[in-house]
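Numbering (our numbering), first residue to last: 1 to 510.
Hint data in this document are derived by calculation from the structure and do not stem from the laboratory. Incorrect hints may appear among the rest.
Unchecked claim - Distance condition first, Cα-Cα at most 16 Å in a straight line; then the derived EDC-like pairs of lysine to aspartate or glutamate:
id	residue 1	residue 2
1	K213	D175
2	K188	D147
3	K150	D94
4	K422	E300
5	K267	E324
6	K341	D378
As the list claims (entries may be wrong) - The calculated label-pair distances, taken between Cβ atoms and stated as ranges, are:
id	residue 1	residue 2	range
7	T263	A490	32 to 42 Å
8	Q146	D299	40 to 50 Å
9	T487	V198	22 to 32 Å
10	A32	E75	16 to 26 Å
11	R504	P177	33 to 43 Å
12	V198	A99	50 to 60 Å
13	T447	G144	21 to 31 Å
14	T459	G65	49 to 59 Å
15	K42	R138	12 to 22 Å
16	A36	P74	16 to 26 Å
Model, not experiment: these values are computed from the prediction. Glycine residues also receive a C-beta, built at the ideal position from the N, C-alpha and C atoms.
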Amino acid sequence: MRPSIAAALGLLWLAACTSDKTTAGRACRSDAECAAQSCVAKADGSAEDLAAMPLVCGAPTDKLGPGEACEHGPECALGICLLSGACASPCATDAHCAATERCQAVYARAGNAVLQTLHACVAMVDLPKDAHIKIEIRRHALSGAQDDIKLPGTSVPTLFVLEHLSDHSWPIPPDPPSACRPPLCTDKLVENRTPSDVLFDESAIDMQAAGPKNPVANGDHVNPVTVLIPNSPRVTPSSAGYTLTTTSTLAGDLRLTTLARTTRGHKLDLNVYYVGAQDWSSTGDRGPMLLTDALGVVDEIFAPADIFIGDVRQLDVRGKLLTEGVPLPEGAPLPEFEASKGFSPIAKQYGVYPQLPELWKLSAGAGNVALDLFFVSDLAPIGSGDVGAIAGGTPGPLGMHGTAGSGIAVSTNLMLAQNDPKALGRTLAHEIGHMLGLFHTVEVDGTVRDPFSDTAACTIDHDTNGNGFLEARECASEGGDNLMFPTVSAQSTTLSAQQQELLRSALILQ
């Protein structure tokens, strides 16, 4: 005998009501596996450092939601507090996240000095609410050779961020050798008016005494590509659009993020990560005394531009993450593995710093409008001298935590040895200048990328000691006192009027 319709509906209702119970406690990776429940962190009193975070289906609490600031997992509705200091929700693929988020490998806090791994939805961009944000995926846009990438026209200052989504081979150099080391390199930037106007040409740098109209950063560590228009008074935003000529080694997909904002701010917030920085840890409002005093120096340097350091979120990185467990780039097994393990110290391999992309990705999911600073124990020398700090881009991918260029790494050992807050302050201000869009006034070999007419460009004939590169003391009367001179001296603190104007337009300022 067939059951009545009413009985059948009753069975369906019963199944729906009991589905939550049948998923409760089940291992999961995302909410999609938990019916009407959520995928939450499982309380584990014996959490193992760098182990996978146990996740189970269950009921969220009424505590903090994804993106809200936290210090410990229990403060969050899903029990997940990221290393970057914000709550998050787990995921298995991008499909489990909002359109403005990506599913990314992250570390979550699971106890005192214990971090555990998972994939979580993190915001692609964190900027003030009045910012205009557009994110698009261009399938098969990169051929593995030279390509012309169309950038839209704009009427306001705009930052374009280009990420190669299909090349994970860095830091291994291309074979056969190529001038392009990162996944994506920039060759030329052209404004699409009639006749067209060349704003940047990498091949012509050595021949441009005044520097390119609108320089674009290239280099072994530049990833993603960032294009700021305009970044000099010689260029104005154009509705005609632009063509960016790039070179890639592997074919694949491109993610183009377009960021614009007309409102100007003054306050620059910081996220400060202590990554094996001797005994440095979260202290007071602005960190250890040397850092506190150095940030005061940064305020003094940027005061003419009416910019000051605001809130400082401090985050401690402890445990095994300092010495082991950093994932290798996908598809790129390194023959000499040790240089890419952990973050203490930052080692050199293949002529680059293989740990930097994964270091800067620790900022994923931070959820605030801030610049990320990482105080590591040491940066191995590259070239002829010590490296005090290195920025993720000129400009950096502002507002985008968790990319391979989202931050500044600082050698704490070197700064502590100097024990000079003015020296640390100048170093921080110099690298922040890069992240906000300032190029060197001149490179050490005498070539010019700075597009400003009111900054002196010291020429290579000032190399009086014949060592092949310019030093601040050799260019004392030719721009050696500028903050963005490539080698720092005690006098390298000034900013020109045009440099100040560019800094004021940085879209991360609040």
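(message) Could you work out which of the previously given hints the structure breaks and list their numbers from low to high?
(response) 1, 3, 5, 12, 15
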